[in-house]
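**Student:** Go by the hints and put chain B onto chain A.
Residue numbers (the working numbering), protein chains in the order written: chain A, 152 to 449; chain B, 152 to 449.
To be clear, the hints were calculated from the coordinates, so they are not data collected in a lab.
Since the list gives no way to pick out one identical chain from another, each pair is judged satisfied if it fits inside one copy or across any two copies.
Pairs of lysine to aspartate or glutamate, DMTMM-like flavour, derived with a Cα cap of 25 Å:
| id | residue 1 | residue 2 |
| --- | --- | --- |
| 1 | Lys178 | Glu281 |
| 2 | Lys436 | Asp352 |
| 3 | Lys363 | Asp442 |
| 4 | Lys363 | Asp445 |
| 5 | Lys443 | Asp285 |
| 6 | Lys358 | Asp440 |
Protein chains: 2
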Amino acid sequence: MKNILIIGCGLLGSSLLRRISKKKIAKRIFVYEKSKSNISKINKLKLPGKIIKSLKTGVVNSDLIIFCTPMSEYRELILKINNFILPKTLITDIGSSKIETSKVIKKFLKKGIHWTQSHPITGSEVSGPEHGKDNIFENKWCIIIKDKNTTKSNLNKLTKFWKKIGSNVVTMSSEKHDRIFSITSHLPHLIAYNLVKSAQDFEKNQKYNLIKYSAGGLRDFSRIAASNEIMWRDIFFNNKNNISKAIDLFIKNLNEFKKDINSRNNKSILKKLIKTKKVRSKIIKLKQDIDKPDFGRN
Amino acid sequence: MKNILIIGCGLLGSSLLRRISKKKIAKRIFVYEKSKSNISKINKLKLPGKIIKSLKTGVVNSDLIIFCTPMSEYRELILKINNFILPKTLITDIGSSKIETSKVIKKFLKKGIHWTQSHPITGSEVSGPEHGKDNIFENKWCIIIKDKNTTKSNLNKLTKFWKKIGSNVVTMSSEKHDRIFSITSHLPHLIAYNLVKSAQDFEKNQKYNLIKYSAGGLRDFSRIAASNEIMWRDIFFNNKNNISKAIDLFIKNLNEFKKDINSRNNKSILKKLIKTKKVRSKIIKLKQDIDKPDFGRN
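This is chain A alone, in the form it adopts within the complex (with noise of 0.2 Å):
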C-alpha cells in the first residue's frame, strides 16, 4: 500500500490509524471525519495522519479505503466518492453485519470500482478516537468477505493489509458471516440491553433502589449494554431476519429453563448447567478471552 484512507475516525478508525502509523503499513495516510468533536480530539492527541475536508482529495490519492463509520451512512459516502473514485483503489469497511451493507454497495457504488469487506472482532463498549489503541486489533479475527464478485488479487492485498495490522484473517461469505455473528455478537449485545433495560423496568415498578447491588451478576451485561447505540441500531436493523430467528431459539430455550426451574427438574436443569459451563473453557482455550477469574477484576 502507498495511500490509505480512514473514513470515519471513531475507536476503530482512530485504532487503524494509530496501528498503520506504527507499522509503516502506508506512505500517507488520510482521515476524513465529519465530526467537529472528533476532530479536536484527534488533534489534540496529535494523532498520525493527515485530517481531510475534501473527501476528493482523500479518495483521489489512495490505493486502499477503509470505511469506519456507521453502517447506516455508507449510502450517502458513496454517493460521494462515486464522482472521482478511480477504478485502481480497493475499498474495504469493518461493518460487523455484512448482507445488507453488500446490497447497498451493488446497488450504489459505481461500476467497476472494487469493494472487498472486512470485518475485524474487536471493540470495546467505549466510543471516540481516544479510546483508540494501536493492537485492538492484534491475534484477533478478522473476516473477509468472500462473494462471487471477490477476485483474488483483492482478497490477497487485503489479507496482506490486515496481516500486517496483526490480525488473524479468515474468509467467508456474508451469508455465513451475518449467522455466525448473530449469534455470537449481536444476540448477546441485544440480550445484554434487553437485561438492563428490564432491571430499570423492574426499578421504576417496584420502587427498590437495585443498581446499587450489581455486582451479582448485572453489572458484566451492563458493561456490553454500554455500547455506541448508532453502531447497533444499524446491526439489529441490517441483520434483522437472523437476530429474529436467534431471538425465536432464545425465547424457546429460556422457556424451558424455566419450566425446568418451576418443576423443579433436577436432572434437565443440571445437564444444561453442566455442558453450557464446558463453553468458557473451550473460549479460554481457544485465547478468545483470558483465563483469570473473574476477568482479573479482583
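**Tutor:** Just chain B, lined up with the frame of chain A:
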C-alpha cells in the same frame, strides 16, 4: 467472637477462613467439610483453622456457625446439629436466596436456636478452596436478613462480624432480598446460561464452529455460565416465583425489541439503547465495577 465454625469450605467458605484468620477475628476456627477432595486441597494449601471430622466438636465449641454449603444441604445438616447445638450459639449462612431457606430453618431447626441469615454479594465463576481469597468480601455489600424473629442483639453481633470482615452491611427482609436479587443476580445468571445453551444449539444445528468467534460478546456470558451448577440449581429452585416473574418481564421486553427491529423503529430502539447505557456509569460511580473499558482485559 471466640470460636467460629465454618461448614463447607469451597470458594466462599475458604475465603472467610482466610479472612477470619488474617484479621484475627476468632480465637479458634473449626472447618467442617464433607468432600475428601476439598479436604486434601485445604491441607495442601496449608489453610488456617482446624478441620474437624465430627460436627459435634465444632458445634458445641463455637459462638458462631456459618453455613457455606450449597443451600440444598442445609436441611440434612440442621437435623444433625440439632442434637448438640447450644442456645448461646448464633448461626448464619451465606446463601444467595432467602425465603425458602428461612422456611427450612423454621421447620427443622430446634426451637430456641437463633439463625440470622446473611448474603455477602461476592463470588466468582470458579469453585473450590484453591480459588478463595481473603479480600473477596472487602467493600462488598453484605445483606443481613431482618425478619420478625430477628433479635437486635444477634443483628448487632452479625453486623459487627461482617464489618470486621470488611463488608458494607445493609439489612432487609427476605422477601425484598429475593425480589432484588432475582433481577440483579439470578436472572443475569439464567440468561447467561440460556445464551450459551442457545449458541450450543445453533452450533449443533448449523454445523458451524462458532465458539472461536466469541470475542464479539458471547465470551462475557460464558464466564457467568461457567458458575457452579449445584449452587445455581439451588438458587433457581429456591427463588422460582421471583425468577419466573423476572423471566416473563424479560421475554416481554425482548419481544418488544424484536418488534422494533423488524419494523425498523428507529426512535423506539434508540431511546432504549441510550437509556440502558446510563446504568453503566451509575454502576461505576457506585463502585460496583471497575471503570476500565472492557474490564481492563486488554
